[in-house]
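Asker: Going down the list, the sequences are from chains A and B. Per the numbering used here, the first sequence runs over residues 1 to 607. Per the numbering used here, the second sequence runs over residues 1 to 403.
By construction, these hints were calculated from the structure, which means they are not laboratory data. Treat the hints with caution; some may be incorrect.
Unchecked claim - List of simulated lysine-lysine pairs, DSBU-like, C-alpha gap at most 35 Å:
#	chain 1	residue 1	chain 2	residue 2
1	B	162	B	102
2	A	285	A	589
3	A	98	B	78
4	A	566	A	514
5	A	589	A	409
6	A	49	A	285
7	A	566	A	591
8	A	85	B	78
9	A	49	B	161
Stated by the list, open to error - Here are the in silico distance ranges between beta carbons for each label pair:
#	chain 1	residue 1	chain 2	residue 2	range
10	A	17	B	228	32 to 38 Å
11	A	38	B	127	30 to 36 Å
12	B	70	A	127	54 to 60 Å
13	A	41	B	68	30 to 36 Å
14	B	117	A	10	48 to 54 Å
15	A	19	B	216	47 to 53 Å
16	B	117	A	127	45 to 51 Å
Claimed, not checked - Over 12 Å on every C-beta distance to chain B, these chain A residues come out as not near it, computed from the model:
#	residue
17	112
18	421
19	483
20	603
Idealized CB from N, CA, C, for every residue including glycine.
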Amino acid sequence: MNTAANRTTRRRAAVAVVAVMAVVAVFVVRLVSIQIVQADTLNAESFDKLSAETTSYGLRGDIVDEDGTVLATTVLRYDVTASPKSVTDFERTGDDGKSVDVTALQAAGEVAAIIGQTPEQVYGILTADPSSNHVVVVTGIDVDAFRAIRDLEIPWLYYESNPVRTYPNGAVAGSVVGFMGEDPDADPNAADPAEAPGESEVGVSGVEQMQNQCLTGTDGVETYERGADGVAIPGSSETVVQAQQGGTAVLTLDSDLQWFSQQTLLARIQETGAAWGTVVVQEVKTGKLLAVADYPSVDPNDVDATPADQRGSIAFQSPFEPGSTFKALTAASVLDAGLADVGTQVEAPFIYTDANGASTRDSEFHVDPLRLTFAGVMQESSNTGTAMLGELLSSQQRYDYIEKFHMTKPSEVGFPAESGGILAPWQDWDDQTNLTTTFGQGVSNTAIQIASLYQTLGNGGVRLPVQLLEGCKAEDGTMTGAPDATGEQIVPSTVSTDVVNMLETVVSGGYASKELSIPGYRVAAKTGTAQMSDGSGAYGDSYITSVAGLAPAEDPQYVVSVTIAKPVTIESALAAAPVFQKIMSQVLKEKRVLPSTVPSPDLPTTY
Amino acid sequence: MVTTPTRNPPRSTDRPVSDGPRSARISLGQVFTAESGNYFLLLGTTLFLVLLGLVMVLSSSSIDSYIGRQGFFGVFWKQGMFALIGIPLMLVISRLPIRFFKRWAWVAIFVAVGVQLLVFTPLGIEVGGNLNWIGIGSFNFQPSELVKLALVIWMGSILAKKEPLLGQLGHVAIPILPVAGGAILLVLLGGDLGTVMIMAGLVFGALFYAGIKLRMLFLPVIAGALIAVVVAFSSESRTTRIMAFFTGSGADYEGTDWQAQHGLWALASGGVFGVGLGNSRAKWSWLPAADNDYIFAIIGEELGLIGGVVVLLLFIALAVAFVRIIRSSNDMFSRVATGAVMVWLIGQAFVNIAVVLGVLPVLGVPLPLISSGGSALLTTLAAIGIVLAIARENAQTERAGSR
């Protein structure tokens, strides 16, 4: 080998080394530029393309009764969609590792079997427009059906979950629990058309509406990185905004008692051909509502089945003229004012005309005036007697007492569209109203207000705020929004005890004694049969029959107030009395109240 | 004469040979001789690159492989199998004497060109607009890889034979222009411009290290470059790809720019230390050739700037090994063959990396020793086997010379 050639080789080898070094230097500069200098810019650029956002649902909270029975809850329901463009036969690998070819028709058949359609129906949906990219196969299937379909591993099916409100106990407390609907405050123009119906719903009735803020969850946002085919890359998901689950609204209701009340009311309304009715059960010592039954009532699972004007809660929202159950308030007022006592004697005529010329009559004709004590007036439910005793007080005094008993304002529950009753200021009372308000005509109250009146009388004159809600329980178990339970002394306990004793005579000796008595317990109750306004200012010939009462009378624990409107077969309080009896018996039994041992005072009713 | 069992009969005149019946010497030849540093530098770097390649092929192919119903390891097992064949093949070739290559040079080039011709038969398969594949059953391979290997041997042998006449243009041009030029033309007809560029570089590298005067190389280089430009713009797909490169990124995100853009994004997300082995996002169907032409992007993403620089250093080490072998060579075949292999492998690696880094437009050449691809790995390892054989014989010559 000659040296010149050798030198050329060495020189050319050196060229190679220099060239390689130069190229690598360029590459390193370029790498540093891409991976360090421009990295942030490039990463920001790619973020939109490589990442995707997903909503993590903050589900609406449950509504539960006092012992946790779920009355309303939110579940996930699934929609199955397909891409008809890519509907093809495909290969399925079984558990044994073997691949089986599945035709599109077979796949359609498998799906159809799960969702209860025919293979032809499903195949028809899939093939209706083969150029389409999106078709809905089925909506709202539950998690079992969703899993079954997903396990078929059909590559061209897609799934979407939606939260759906459901009411496991159906119509039990339906009118109280309420239901969901379109947000009436939402700007219709702002609505996202892509949003599935239901996602923008809010509570529009009952507790759903009342506790909407407590129940509403906040949706969270998660981002994840995805493959070009849209698959989420494992381990890449990141929570941007934590989803907040809605709180649980805990009610004071006892769903068993609620169901029993609704059933008993419904049966009696059907028996008597009545138009509507309510039952309210309240705990005397706490003010908590244990049952609020309405008929008609809405099934929140099927709101449309009930006419729009019958979807609310009558007990909270519809005041009516209570009639004789109101006489307890008049009695308490007169006794509190010291103008009479339980033994005060009254000669009650059939027809009584007062100094203003206003007149009223008893419900049963009698020739001779009845010689009644105050207790007897209650027992006989004498309108004339009550009016005579009531008019011992001035109109203003009586109005003040009615107001003092909270009969002119809505209860503390704050139920949506809750009524506070109807009563004109005393200055506006005409002579007839001035007279009839003593026995519950010319004044309207809700069933809740009546129950609260009896709670006050049963609780030694201390009125407790009406409670429907224990509170709002957050995810971590903390309870907020528990209502105030501070009582208010309306009348002294001596007065309230006297009234309860007088009411006991109604059960022990009144015309509905048999229908109201509960063996083993002393019961204090008052019946009512009020004429209903015919809507034109005059009274028609239909009645609202009612019973409100307490048991056990010596130490009242529970109030039951029953109202049945427009009964056809029986037009007296006897329509409502059996309902009172059954429900009060059930309450005493379920709550294990000990039978009465103290004898009844047996107030004299006549002289 | 007593018959002596010899495992390796003496074949070189400069070796001491046992003479006389009394000295019954068993010659073990070079079986147990220690190899030179160059040999181990090249072998070590190669094995490191192959192993790194296998790891990165597993990482980058697993998702696409799974989606393609081959399981997460489908592509990896295939590549591993080729590595298991290729490495012993390389070691076997490294034991062959240089005479062997010279003897089979013409056969090699004819066979390779013959196989390349099969591309134009129904056996040919078009991949990405390039007719450069042959499919036999489920086995696909690129005959142009075989042509590269044959060109290495043939260029070495023909230039060694012509050594005294290399000053004359006619003697250089006559066998090389028709044979090498013809082989390259065949690949060009298939439309694979990237491979053609590598092969042209290989031929010029051979001529360069043969010591051909630069003025004789000047015209062919200009001519080659002109042809390349004409061919580059002859196909619409290439024109748009090249135009995408010059108009800058984001010009046609969904189309021609997709691959380059996602390659850059992959590198950028890697940063200095990388996202960690196996954590690439780009391999989730974003990069169409994640385990192949764009595997360097995945390396940069998973192993970061550090991983990328390590790969560059490995190719420098490879280049250094080649250069040292060239410098220690005393015969024309060794210099030419080693130079050709160096330009082939290092050149191809740099073109590949330049494409990923956005320095060159997308050309579609894989990263030697690292990218997945069975026929490419086999021929690359075979080529390195030839250089190893050269390094081995150089060392023996040196030992003999210094004796």
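Asker: All hints, please: hold or fail.
Answerer: Hints and how they fare:
1. In summary, the hint linking residue 162 of chain B to residue 102 of chain B is supported, as the alpha carbons are separated by about 13 Å, within the 35 Å threshold.
2. For the hint linking residue 285 of chain A to residue 589 of chain A, the alpha-carbon distance of about 17 Å falls within 35 Å, and the restraint holds.
3. Taken as a hint, the residue 98 of chain A and residue 78 of chain B pair is honoured in the structure, with Cα atoms around 22 Å apart against an allowance of 35 Å.
4. In summary, the hint linking residue 566 of chain A to residue 514 of chain A is supported, as the alpha carbons are separated by about 22 Å, within the 35 Å threshold.
5. For the proposed pair residue 589 of chain A and residue 409 of chain A, the alpha carbon gap of about 33 Å is at most 35 Å, so the pair holds.
6. At most 35 Å may separate the alpha-carbon atoms for a hinted pair to count; residue 49 of chain A and residue 285 of chain A exceed this at roughly 64 Å.
7. This hinted pair checks out: residue 566 of chain A and residue 591 of chain A have alpha carbons roughly 32 Å apart, not beyond 35 Å.
8. With a C-alpha separation of about 34 Å, the suggested pair residue 85 of chain A and residue 78 of chain B falls inside the 35 Å cut-off, and the hint holds.
9. A C-alpha spacing of about 59 Å is found between residue 49 of chain A and residue 161 of chain B, which places the hinted pair above 35 Å, so the restraint is violated.
10. At roughly 26 Å, the beta-carbon separation of residue 17 of chain A and residue 228 of chain B lies outside the given 32 to 38 Å, and the hint is violated.
11. Separated by about 32 Å at the C-beta atoms, residue 38 of chain A and residue 127 of chain B satisfy the suggested range of 30 to 36 Å.
12. About 31 Å separates the C-beta atoms of residue 70 of chain B and residue 127 of chain A, a value inconsistent with the hinted range of 54 to 60 Å.
13. Checking the proposed 30 to 36 Å range against residue 41 of chain A and residue 68 of chain B shows it holds: the Cβ atoms sit about 34 Å from each other.
14. Checked against the given bound of 48 to 54 Å, the beta carbons of residue 117 of chain B and residue 10 of chain A, roughly 40 Å apart, lie outside it.
15. About 20 Å separates the C-beta atoms of residue 19 of chain A and residue 216 of chain B, a value inconsistent with the hinted range of 47 to 53 Å.
16. In this structure, residue 117 of chain B and residue 127 of chain A meet the distance hint of 45 to 51 Å, their C-beta atoms being roughly 48 Å apart.
17. The beta carbon of residue 112 of chain A sits about 27 Å from the closest Cβ of chain B, which is more than 12 Å, so the claim that it is off the interface holds.
18. With a least CB separation of 67 Å from chain B, residue 421 of chain A remains clear of the 12 Å interface cut-off, as annotated.
19. Against chain B, the non-interface label of residue 483 of chain A holds: every CB pair exceeds 12 Å, the least being about 53 Å.
20. Listed as a non-interface residue, residue 603 of chain A keeps its Cβ farther than 12 Å from every Cβ of chain B; the least gap is roughly 88 Å.
In this structure, the hints that do not hold are numbers 6, 9, 10, 12, 14, 15, in rising order.
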